[in-house]
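Going line by line, the protein sequences match chains A and B. Per the working numbering, residue 35 is the first one in the first sequence, and the count goes up by one each step. Per the working numbering, residue 598 is the first one in the second sequence, and the count goes up by one each step.
Rather than coming from a laboratory, the hints here were simulated on the basis of the structure. Hints should not be assumed to be uniformly reliable.
[To be verified] To spell it out: a stretch of chain A is covered by chain B in this simulated footprint if at least three of its residues, at any positions, have a beta carbon under 8 Å from a beta carbon of chain B; those stretches are: (1) 37-49; (2) 58-70; (3) 73-85; (4) 110-117.
We put the CB at the ideal spot given by N, CA and C, even for glycine.
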Amino acid sequence: MMRAIVVSERDNVATALEPLEAGASLAIGGATVAIRDRIPEGHKVAIQAIAAGATVVKYGSPIGTATTDIPAGAHVHTHNVASTRGRGDLAAASGAAHGALNRSGSGA
Amino acid sequence: MTAGETFLGYRRPDGRVGVRNHVLVVPTVICSAVVAERIAAAVAPVGTALPHLAGCGQLGPDLTVTHDTLAAYCGHPNVGAVIVVALGCEQVVAQRLADEARRHQKPAAVIAIQIEGGTVRATSKGIEIAREMVGVLSHAERTWCDVSSLVVSVKCGGSDYTSGLASNPAVGRVADRLVDRGGAVVLGEVAEIMGAEHLLAARATTADTAAHLLRIVSRVEAEAMALGLDIRGTQPSPGNIRGGLTTIEEKSLGATHKAGERTRLEDVVAYAAPITRRGLTVMDTPGLDVESVTGMVGGGAQVVLFTTGLGTPTGNPVAPVIKITGNSRTAAMMADNIDIDVSGVISDAESLDGAARRVFEELTAVCSGQPTAAERLGHREFAIHRRNPTF
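Work out the full structure: start from the sequences and follow the hints.
Put into C-alpha cells, the structure is as follows:
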C-alpha cells in the first residue's frame, strides 16, 4: 500500500494514506522526506520547505498561504495554513470590505 | 445502443424520461405539510410528499423560488401524478402547481383543508385520490432508454481526504462518460467551487458562461465577507477539518473532480431552474446538502451521485440518491447508508477506472428501478433555499 500520495507534480504537500510517525522516512518520487510530526491519516505533510507567506499547493492549485515557516516533513493543517477566500474577518479588521475580492479569474 | 449504456425508464409525453413513477403530494404551505405527509404515507413508497417550511409570509424572490421549486417537482419526470394540498388562505397558488403537472400531461388534483372541513376529511379525501392514482400508475411500463436522456446531479457531503482522491474522481469519470454519450451533469454548491473556479471557467464553452460562473462565486464570497465573518466557521466544516481538509480551496479542488475532467461547462442556471443543455451545467445552490440536492432535482435531475467521506443519509422525495464513499471505515460503519464502496482506490486494490465502471453500472441499475440505500431507509429530505426573512 502507498503510504502517502502526491496528486500533482506541482504540489508541495503529500496526503498521508495511513498515520505517519515522527522519525519515519517517507519516499516521495526519488526523494526521501524525514517525518517531523505525527501525521494523522488523511492529513498533509510538507514534502519541501514552505516559507511563511508562500503558497501551499495541492491538486496542482493553491489551497492557502503558509502562516509560518513550514519545514519539510511537518504537519500542514489549519495551525500553519490560512485560506485566502471568504475572509470577512480580515476585511472587517482592515476596514476594506471589498479588498479581498480580486481573485476570481486569476489564471489556471 | 451500446450494452451498459441503457436503462429501463418511463418515457414521458414531454419527451423526458423518468427513473421513478411517484404520486407526489405537494403542500402549498407549511400549514398543510402534515396532511400531505399522511396522504403520501398511506400509499408509500409510490406516494411521496414535499414537506417544506415556506409558502406564506414570503415576499419577492423568496416567494418566486418557493413557487418555482414546487412547480418544478410537479412537472418532474420521476413523478407520474400530483396531489396538491392547500390550506386555503396562503400565498402559493395550488392551482398553478396543478396546472404545471397537467402541462406535462400528468393527472393532478387539488384539495384544500379549509374547504374539505379539517384535517381528518382532507386527509381521507387525499388518500382516496392517491389510491386511485397509484392504480393508474401501476399500468405504466418501463422501456429501454439511452443514458443520454439522463440529467445526473453530482454532489458531495461530509467530505474527507478520500473524497478528492477516490469517490469524486470516480464520479468524475462517470460524468465524462455520460457527457461523451450525450447526457447532462449538474454541479451545485457554489461555495464549494470557491478556489477551483478557474478550472471550471477554463472549460466554459463561451466567455459569457465563464463570466457568469465567476460572478456567482464572487457573489457568494462577497456575501460571506459582508457579514464580517470568516467563512472557515462553516467551510470547511469541523468534520471536514478533522478529516484532513484544511481550507475551502482544498475542499473545492477535491469537490469539482466529480463534475468530470473534460466536460465542457455549457450553462450556469439559477436555483431549481430548468437544466436545458447536455454537458455540464452549474446551478447556483448553497453548499448545504439538502437545499442543494432539492434545487438540482428541481432543475430536472432524475438521479443523484452523492459522494461522502464521513457518511451521510441524505435522500430526496422523487430522485434516487446513490451514496459513494472512498473511506473503508465509513463503508463499514455506515453500511446501511452506503451504496458503493470505492475505498479500494485508496488501498491500491482498485483503479479509478474500475471504480468508475462500478459506479456507472450501479447508476443504470438504479435508474432501472433498483432501490438505493436512502430509498430503502425512507430518506426523503427536502428543503427549499431561502434568502430573505419570513414576514
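Consistency of the hints with the structure:
1. Look at the region 37-49 of chain A against chain B: 3 of its residues bring a Cβ nearer than 8 Å to a Cβ of that chain, three or more, so the hint holds.
2. Counting residues of the region 58-70 of chain A whose C-beta sits closer than 8 Å to any C-beta of chain B gives 0, which falls short of three, so the coverage hint is violated.
3. Residues of the region 73-85 of chain A lying with their CB closer than 8 Å to a CB of chain B number 5, which satisfies the three-residue condition for coverage.
4. Three residues within the 8 Å Cβ limit are the bar, and the region 110-117 of chain A against chain B gives 6, so the coverage statement holds.
Checked against the numbered hints given earlier, the structure breaks only hint 2 and satisfies all the rest.
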